[in-house]
Amino acid sequence: MSAETLVGKLEGVSILVVDDDPDIRESIEAAMLAEGAETETAPDGNTAVQYCNEDPPDLVVLDMMLPGRSGFLVLEKIKGREDSPLVIMVTANEGKRHQEYADAIGVDAYMIKPVPLASLVEKAAELVAERKKNG
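Start counting the sequence shown at 648; every next residue gets the next number (the working numbering).
Misleading hints may appear alongside valid ones.
Here are the simulated DMTMM-like cross-link-like pairs (lysine to aspartate or glutamate), alpha carbons at most 20 Å apart as the crow flies [as the list claims (entries may be wrong)]: (1) K726 / D691; (2) K656 / D691; (3) K726 / E747; (4) K656 / E673; (5) K779 / D730; (6) K724 / D750; (7) K779 / E747.
Between beta-carbon pairs, the in silico distance windows are [unchecked claim]: (8) G659 / L764: 18 to 26 Å; (9) A751 / L680: 28 to 36 Å; (10) A776 / A677: 29 to 37 Å.
What the hints contain is simulated information worked out from the structure, not anything from laboratory work.
Positions of the beta carbon are idealized from the N, C-alpha and C atoms, including for glycine.
With the hints as constraints, model all of the structure from the sequences given.
Below, the structure is given as structure tokens:
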């Protein structure tokens, strides 16, 4: 096995995981850490916006239903910046209207819960690679 194959898919990528459910937050964080990401977590929308203002991550995994400030309001705030992070919104809501609104305000990917962690990691790696390729 070469050293290259030991490098995680998200090596050196900073990721903010935002979910009010501590079990989901910890599971997603563990999956991202296992792939080499540097992670922060936030239990609510206001904390997420604060983190993004202070030190914007490369990518945000964002729950839609959050206390304090909904995922949509967080998305509007963090996507309105020049250095805006990539955002994967995860939600249990399967309504097309919600996905269309998220798309309209700049979400990079929209995934329905329960999201297999491997799929979430793959989507994150794909988005990061695409951004690096396109500069």
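Practice task
Taking the numbered hints from earlier one at a time, note which ones the structure violates and give those numbers from smallest to largest.
Solution key: 2, 7 and 10
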